[in-house]
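There are 2 protein chains.
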Amino acid sequence: MRTGFAVFLTHLKKTDRPEIPRKTIYRLSIYLRCLHRLKSNALRTVSSEALAKAAGVKSTQLRKDLTYFGQFGTRGLGYDVEQLSAMIAGVLGTNSFQPVVLVGVGNLGTALLSYRGFEQEGFEIVAAFDAEAKNCQNSRIKQPVLPMGKMPEFIREHHVKLAILSVPATAAQEVANTLVGCGVAGLLNFAPIVLSVPEDVMVNNVNLAIELENLSYFIQD
Amino acid sequence: MRTGFAVFLTHLKKTDRPEIPRKTIYRLSIYLRCLHRLKSNALRTVSSEALAKAAGVKSTQLRKDLTYFGQFGTRGLGYDVEQLSAMIAGVLGTNSFQPVVLVGVGNLGTALLSYRGFEQEGFEIVAAFDAEAKNCQNSRIKQPVLPMGKMPEFIREHHVKLAILSVPATAAQEVANTLVGCGVAGLLNFAPIVLSVPEDVMVNNVNLAIELENLSYFIQD
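Those protein sequence lines, which keep their order, are chains A and B. Those letters in the first sequence? Residues 1 to 221, per my numbering, in order. Those letters in the second sequence? Residues 1 to 221, per my numbering, in order.
Check each hint, because a few of them may be wrong.
What the hints assert, rightly or not - Below, simulated SDA-like cross-link-like pairs (lysine to any residue); rule was C-alpha separation at most 20 Å, straight line: (1) B:Lys39 / B:Glu119; (2) B:Lys58 / A:Cys182; (3) B:Lys23 / A:Met202; (4) A:Lys23 / B:Asn204; (5) B:Lys53 / A:Cys182; (6) A:Lys150 / A:Cys182; (7) B:Lys23 / A:Leu195; (8) B:Lys150 / B:Glu174; (9) A:Lys58 / A:Ala42; (10) B:Lys134 / B:Ser114; (11) A:Lys58 / B:Lys39.
Because the hints were derived from the structure by calculation, they are not lab data.
Produce the complete structure using the sequences and hints provided.
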């Protein structure tokens, strides 16, 4: 029943769902990883205190985050590890295979293509695109690297909704426009610019230099 | 005078500084990038509306963020591009060279070592360390890759305060302990675990799979 509620939530249109803080969604990913570790250690239940500690948050925060998705846990027994994992995976939409394309096969793009972390989490980069696709062949890259002209057809044919953008800043907006035009709704953007996209498209920006710069502020003494 | 105030702030100990929201510090990095673009286009002043738009924030947010560091801008004229850049770089501590070490030269580590984005922003990865340093030689890597045993001495000798952690999750906590023990105060962590560190050490976590998972939530329809 509880799991059912979560699955139901994921079938609502985004606009019909209750407004859930962005940070809660991030923390769900962290809880899920902790639960996977517990499962691989053959643990069946976990207290909210123990799960919160593993995730590096306060237990009040954990309980508040889960409240958005229904009632979980039994007083004195804690959470059922299997059930809570299934609920969170359902909410995040990672209980089914998610195809992803990558655009821009430079240094960073090549690394991302050979990065094992995505596959482990249920994402598969199914193809990469580059303006100079012919020069991108590399024994470390298993995915096909296709010319940009093939992108629209590929995305539509494979119903791709997620794309990783590792193109230079100067090319990023144009590529983003093409992707969005083909139906991509989520962009993981590594280009150091602010992308303009329609309201129903989500952009997560990863700027590694900004992360270092942010640390730089905090290490001053 | 205004710039002077900012420089003064950066010489205060962290604990003596006013509490500035983490997100404000991130946005300063974005403002700085926008200002650099304006400078390279030979613009000398910019209105708060134009700067806010370029950074993708509301102008009230921009003005509020800058208020933490003094009074900037002249009514009708806007901000002096040069002066505001210098102030922000001073606050962020990026107006001087910052040496960084990288630990863990796998796929991701190799990509980060050859990533140009860091150098452009005033950070230089001066050395890398790996448990199997001998196997990490690669024509794309310019930096020396040293065995882990050499890390403590190197960090102390070069007064390194920032480190990038691209080791597997199983090794991350032990490596973090060593780094912190040698005086590193800021960690950019790519390992998918929550690190335990002393309160005066700052950790920024970058988990690329979590970023994709987060997008996955928002693209459901």
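Right, here's what the structure says about each hint:
no.	hint	result
1	B:Lys39 / B:Glu119	19 Å, holds
2	B:Lys58 / A:Cys182	29 Å, violated
3	B:Lys23 / A:Met202	19 Å, holds
4	A:Lys23 / B:Asn204	15 Å, holds
5	B:Lys53 / A:Cys182	26 Å, violated
6	A:Lys150 / A:Cys182	12 Å, holds
7	B:Lys23 / A:Leu195	19 Å, holds
8	B:Lys150 / B:Glu174	15 Å, holds
9	A:Lys58 / A:Ala42	24 Å, violated
10	B:Lys134 / B:Ser114	18 Å, holds
11	A:Lys58 / B:Lys39	44 Å, violated
Hint compliance for this structure: hints 2, 5, 9 and 11 are broken, all remaining hints hold.
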